[in-house]
Amino acid sequence: MARFRLSSAHRRRRVRRSRGIRRVFPPPPISVMVAHRQPPIRGAAREGIMNTAKIAGGAWWALLAVLSVGVGGYALFHTVTGFVHLPLRNPMLDPWGLRTHIATSGFALILGVFQFLKPLRMKAPSLHRWMGRGYVLVCVVGGLAGGIIALSSTAGPVAGWGFFLLAVLWVPFTLLALTSAMRRDFVAHEKWMIRSFALTLGAVTLRLQLLGVELLDLSFRESYPLIAWLAWVPNAIIAELWIASRPRFRRRKIAPSATPA
Numbered sequence: 052m053a054r055f056r057l058s059s060a061h062r063r064r065r066v067r068r069s070r071g072i073r074r075v076f077p078p079p080p081i082s083v084m085v086a087h088r089q090p091p092i093r094g095a096a097r098e099g100i101m102n103t104a105k106i107a108g109g110a111w112w113a114l115l116a117v118l119s120v121g122v123g124g125y126a127l128f129h130t131v132t133g134f135v136h137l138p139l140r141n142p143m144l145d146p147w148g149l150r151t152h153i154a155t156s157g158f159a160l161i162l163g164v165f166q167f168l169k170p171l172r173m174k175a176p177s178l179h180r181w182m183g184r185g186y187v188l189v190c191v192v193g194g195l196a197g198g199i200i201a202l203s204s205t206a207g208p209v210a211g212w213g214f215f216l217l218a219v220l221w222v223p224f225t226l227l228a229l230t231s232a233m234r235r236d237f238v239a240h241e242k243w244m245i246r247s248f249a250l251t252l253g254a255v256t257l258r259l260q261l262l263g264v265e266l267l268d269l270s271f272r273e274s275y276p277l278i279a280w281l282a283w284v285p286n287a288i289i290a291e292l293w294i295a296s297r298p299r300f301r302r303r304k305i306a307p308s309a310t311p312a
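So in the numbering used here, the last spot in the sequence shown is 312, and the numbers never skip.
I should point out that these hints are in silico values taken from the structure, not numbers from a laboratory.
You can trust all of the hints, since none of them are fake.
Restraint ranges, calculated between C-beta atoms of paired labels, are given here:
(1) Ala-110 / Glu-273: 30 to 38 Å
(2) Ser-177 / Thr-230: 15 to 23 Å
(3) Lys-169 / Leu-262: 29 to 37 Å
Where is the CB? At the ideal position from N, CA and C, for every residue including glycine.
Throw the hints in and build the complete structure from the sequences for me.
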């Protein structure tokens with residue numbers, strides 16, 4: 052019984068002592084404890100970085116869309132209005148082959164750039180698939196026609212081999228994008244589509260570089276063999292660097308619930 056009273060007294064002393072400590076050192080407010088667990092500044096900074104990245108990505112896509120639609124529409128306009136009927140210096144060059152290459156490249160630019168528009172993929176997947184099939188068709192036809200034209204180029208072997216290698220890579224890259232989508236491997240599908248469209252954009256960089264040659268009053272004959280390589284090799288390098296820098300491409304993820312292209 053004495054031990055029980057002693058234990059009770061001991062507990063009362065501990066309670067009084069702890070109350071005194073609480074008066075001297077009150078517990079921190081709940082808001083401070085929550086802020087310590089999840090700093091609001093860090094969350095706001097992360098959200099700001101994500102918003103900036105989204106804005107930059109949207110602006111970059113808009114620039115590519117303007118260039119792709121502009122150059123693609125320009126190519127289709129000249130094809131329809133008889134640009135290919137102009138006298139050709141190379142009698143071995145088939146006007147219909149050139150017409151086919153120009154028209155299909157124009158369609159590839161216009162169709163390809165909208166394949167990377169995320170709202171289109173999410174809200175209209177059926178339209179995305181049909182546009183993708185059209186993109187594959189025009190890339191294959193345009194690549195084959197471009198390879199034939201490159202073999203009969205009058206700009207010399209350097210330019211001819213540059214455009215021929217572009218055609219050799221353009222067709223299989225596009226077909227690999229299609230086959231990976233059919234296997235539902237959409238990570239690989241996106242990577243091959245980036246590579247394919249980087250080569251498709253060679254039509255844009257080619258015309259920009261030709262415009263630079265004209266503005267700088269450079270020799271077309273001397274510049275064109277170099278442009279035949281510079282029109283697409285930097286694009287391919289930038290595409291590979293972009294793929295290597297994206298964390299989602301380092302993880303192999305297959306979406307079984309998605310629908311193939």
